[in-house]
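Participant: Chains as they are written, first to last, in the numbering used here: chain A, 18 to 108; chain B, 56 to 571.
One or more of the hints may lead you astray.
Among the chain B residues that face chain A by a calculated CB cut under 10 Å, a handful are [stated by the list, open to error]:
#, residue
1, V247
2, A260
3, I289
These are computed hints drawn from the structure, not numbers from a lab.
All residues carry an ideal CB built from backbone N, CA and C; glycine is no exception.
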Amino acid sequence: MSARTRRQRGVSWLLAAVLGAPLAALLVSVALPAVVPASSDVRYLVACIVVIPLMAAAPCMALLARSAARAWAGVLVASGAALLVLWRCLP
Amino acid sequence: MKLGSGTYRILWEAHAWAGAVASVLLVGMFLLGVVSLFRHELMPWQEPRLRTPVAADEARALDTLQQWLDARVGKDGPSQLDVDLPAPYSPWLRLEWKERGGEKTAVWVNPLSGEQAPERSDLGYFLFLVHFLYPLPGGMLIAGLVAIVLLLVVGTGLVIQLGRFRKDWVRFRPREALRTAWGDLHKVLGSVGLPYQAVIAWTAAIICLNSAVLQPVVVRTAFDGDVDAGLKSIGYPRGAKPSKQPAEAPRVATVLARAREALPDARHYRFSMRNLGDAQAYVDVRGYARQGLHEFTTVRVSGKGEVLHVRQAGGPGATARLIESAYVLHSGLYAGMGLRLTYALLGIFSALCVLTGNLIWLERRARDMRRVDVLLARFTAGGCGAAAFALAAVFLANQLLPDTLTRRADWEHTIFFGSWCACVLGALLFPRPKVWSRWSLAISGGILFLLPWLDSWRNARRVFDPAGSPYVFCVELGLALLGVLFLVSAWAIGRIVPRDPRDARAPAPVLAHESP
Numbered sequence: 018m019s020a021r022t023r024r025q026r027g028v029s030w031l032l033a034a035v036l037g038a039p040l041a042a043l044l045v046s047v048a049l050p051a052v053v054p055a056s057s058d059v060r061y062l063v064a065c066i067v068v069i070p071l072m073a074a075a076p077c078m079a080l081l082a083r084s085a086a087r088a089w090a091g092v093l094v095a096s097g098a099a100l101l102v103l104w105r106c107l108p
Numbered sequence: 056m057k058l059g060s061g062t063y064r065i066l067w068e069a070h071a072w073a074g075a076v077a078s079v080l081l082v083g084m085f086l087l088g089v090v091s092l093f094r095h096e097l098m099p100w101q102e103p104r105l106r107t108p109v110a111a112d113e114a115r116a117l118d119t120l121q122q123w124l125d126a127r128v129g130k131d132g133p134s135q136l137d138v139d140l141p142a143p144y145s146p147w148l149r150l151e152w153k154e155r156g157g158e159k160t161a162v163w164v165n166p167l168s169g170e171q172a173p174e175r176s177d178l179g180y181f182l183f184l185v186h187f188l189y190p191l192p193g194g195m196l197i198a199g200l201v202a203i204v205l206l207l208v209v210g211t212g213l214v215i216q217l218g219r220f221r222k223d224w225v226r227f228r229p230r231e232a233l234r235t236a237w238g239d240l241h242k243v244l245g246s247v248g249l250p251y252q253a254v255i256a257w258t259a260a261i262i263c264l265n266s267a268v269l270q271p272v273v274v275r276t277a278f279d280g281d282v283d284a285g286l287k288s289i290g291y292p293r294g295a296k297p298s299k300q301p302a303e304a305p306r307v308a309t310v311l312a313r314a315r316e317a318l319p320d321a322r323h324y325r326f327s328m329r330n331l332g333d334a335q336a337y338v339d340v341r342g343y344a345r346q347g348l349h350e351f352t353t354v355r356v357s358g359k360g361e362v363l364h365v366r367q368a369g370g371p372g373a374t375a376r377l378i379e380s381a382y383v384l385h386s387g388l389y390a391g392m393g394l395r396l397t398y399a400l401l402g403i404f405s406a407l408c409v410l411t412g413n414l415i416w417l418e419r420r421a422r423d424m425r426r427v428d429v430l431l432a433r434f435t436a437g438g439c440g441a442a443a444f445a446l447a448a449v450f451l452a453n454q455l456l457p458d459t460l461t462r463r464a465d466w467e468h469t470i471f472f473g474s475w476c477a478c479v480l481g482a483l484l485f486p487r488p489k490v491w492s493r494w495s496l497a498i499s500g501g502i503l504f505l506l507p508w509l510d511s512w513r514n515a516r517r518v519f520d521p522a523g524s525p526y527v528f529c530v531e532l533g534l535a536l537l538g539v540l541f542l543v544s545a546w547a548i549g550r551i552v553p554r555d556p557r558d559a560r561a562p563a564p565v566l567a568h569e570s571p
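Isolated chain B, as found in the complex (with noise of 0.2 Å):
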């Protein structure tokens, strides 16, 4: 198929248009999603403690959660509580609940001593929040347009490449100008990761905008404002009240003993306890059953032990179906290890798309840059190199910040997202952003890449070590890749040299790297 050359131009523009203007979030939503499928992996480098095994079977656990248990509820204890169980990346019990003032408050518990520890860092699911803007005022309603904006971005795309997809699957051309040479780079990683991004965007924008706007809304228009039954037509009724009855702790092995008969083919995970001390108490033990694309089980146990609802995975109705799809889809849940590697390189080939696309579009506008452009032009280059500092920054504070920090977890944020905000104006202020960008980038590879180093020097072990935690030793791999990948990068936009004010007002050429 063959487009007429004003169809291909108004393409091109929204193609490149809706691109530049996404840019900014889009490298750094594909970053940090990259980081958030090994967000459980990450555990045991954000919490060192994780990384020594315990002798503790899950009796054992389960024993030492219930002494706990048995000592606060109905005393000073949480009425909500959330228990994560022992998994091969986390050997110990993760708790957390809310204080009286609404404030969120985790604690490691030793299942084999009992001994209890503040959480020092809750980075891993703290990315995984940011990668859907979930922590902004309005973030996820941000992050589902700009998943359709991506969607917009990979059909315009498909469009254009109609046609010429065997030609510029394996044509590179790096001592071309130097336009040629990135406009071939962003065809070939567009090409090979179309399939993965419209999935990505796709099941994105089914995520967000559920969540920020569809189940909001649509409890009143699809269920005529009955909150119960919307909830439980996606297969999380809304539990019982408290009676005001006072009542013991939950037996927790009876609560397992009871979710594993509902669902013995589920690995079960989590309890989320609710009206604890309370008569009306009850339990929702929270699982992962791999079936195909439905993954997520819930058996709810009251604190007598009867089983009051079970979820199978994918949930009772077809919506349920759809948005746990979508969920699994996006997360790459429905394989192993392999998947998410794949997954994780495609996610930087996407990023790495998205940065070459917005190179070749300021190539393109150099020659004729009006206010807007400068403006757009510099917003984007600070929000692609802002987003490989802030994770560097995040990182190096997890490991720089004191252990006996107050709210220790908050401040990693707000570094996080302080040096995301500075790096951006600083492209906004600085002469030149090409310059500010390519240091962003570089300083957060180094960064990145000696962060192995530091670790080991700080808990005095030795560094790339197999023999010890497996997780520190891939953690440790990953940073290191990832620091040279963005040291390359920087080196890479180095190489574009000044263009000649000489053709400053020249008219624009017909694209290079469109020609034959």
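Isolated chain A, as found in the complex (with noise of 0.2 Å):
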């Protein structure tokens, strides 16, 4: 593998740990409450609580991620079902 291929595939494992990684795990906070099955406040606490472990640990999960394709793919699943839940609970 070329110099050139490493450093590609490195900025695009950085940026799925810097932006894709912290930016599903906040839709996935904020879709959490629609599917936990309790009261709305215990929902919104949920959701409060949630929100800062996984956004401190996505990056990391990112990074430890086997390839960056593979840390792509998981930062577009967990968005992609979190955006589903909101497009349905959201006007």
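Combine the two chains into a complex, taking the hints into account.
Facilitator: Written out as structure tokens, the structure is:
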């Protein structure tokens, strides 16, 4: 693998960790209350409690992925699922 | 626990890069946070008319307020009005409302004579808002993200330092190589401030992300779009809409009496009046009731004097209690002045910790700077100096702008942001960013140190006069100390000797400060 290819993969990986993963974590946090079977107040509480650990852990998980493609796949799957839930809830 | 060299290196890089990128905002947020802790005590400094005590008791102040309301409500007066009642640091009544064009107007009213004067400056409150980046578009979200980065930096720093705490707590070697000295100082400041930084980062993330993202979206996902239910869950239900039936102004003495009956232990400090001049008028009486990490109370009283809603400290549900605890923990409101002074000291330590971390990072990369490194180095150097420079510039503007200037407070805000941006841009364009940053700090320190003398000259009084206003005396002391701190920091940065050009391409050595 050439140095250029390695660097390109590195940038993609870094972007997944720095931009994609926190955004996906944020989307999951705001979508989660819609699927938690509890009272409204508890659902809000769940969002408040999970948002920070999720956003802090997501970049680490992206960096720990075996490849940039896997990191992006994780980001896209999580974001897609969250957006699907939000699409059903938001007008 | 001993980390593998690969893991250690990854954690070190993550710690350094995240800290360096976020440092541009972090230094400023810590410094502004320190100032925000004393935003109430700053009022007599920013508004000299508040320095003289006013011999008016509560009944007299309420009577003056009632006369003000009766003269305006139902005529050309505002329909929404916020009134801050006299307090030890501000013996005048402060009234704020929105004009028909949406522009905010704030005035001070003397509770004894009824004299009305336009607000000269909102310096303390403005710096409090900038601490959360609130005035910037999307600022609260950015502040939330910066808080999470800080949490990441603190977490990686903790793991890197595991097993070394006892040794590094007291190790400082100023006579060793420069990077070693910076590294020691960084670790001492980081170890001492670690619990504080972790709490501040966690609570800031909750406050900012909740306000910027969670509240607007979660009301759809958790409350099925019912905004009223969402607001009720945190204890601030929406008020009634105007009925278009005219009515007199609420009787403020009755309103305060009802609030005291409902919550006798709270200190009621503000009236938030809505639908003034309408039969559906109501007043939210805001209060403080120190109950551990729960603080804020509200009693809603109708225009006719009936209690409509009571919010106990902490609010009705678990979420309200979590958010309020985060805010109270972040602001140090759960104890007295001693805690706030400790917070201020730890805040300054944290700003210095970020700064020393930045210097280590720059020193380590100085041997092989790529274009992105040079840009980031200039940006971070400019950002760290800019925070101090903007702070000094806005305090100087508060002294020098003419009192008769229209929209004077807006001018102060513009000067703050203008000097911040100019300082960052200067570092990007100036050939030697370290020199730029050093001079920014030195000039800021000089300005802050001289400010007490400038104020005493302008107001024809003795400087550092303990017999005068205690608030002004403490602010003078604080400004002079901050000025000295900036001057010492500028001197310390100046001690960085230029690297020998012959070493410029040498491979980066093993971290000197990590050696046993």
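Participant: Look at each hint and say if it fits the structure.
Facilitator: Going down the list of hints, with the structure as the test:
no. : hint : result
1   : V247 : violated (23 Å)
2   : A260 : holds (5 Å)
3   : I289 : holds (8 Å)
The structure fails hint 1 only (numbered hints given earlier).
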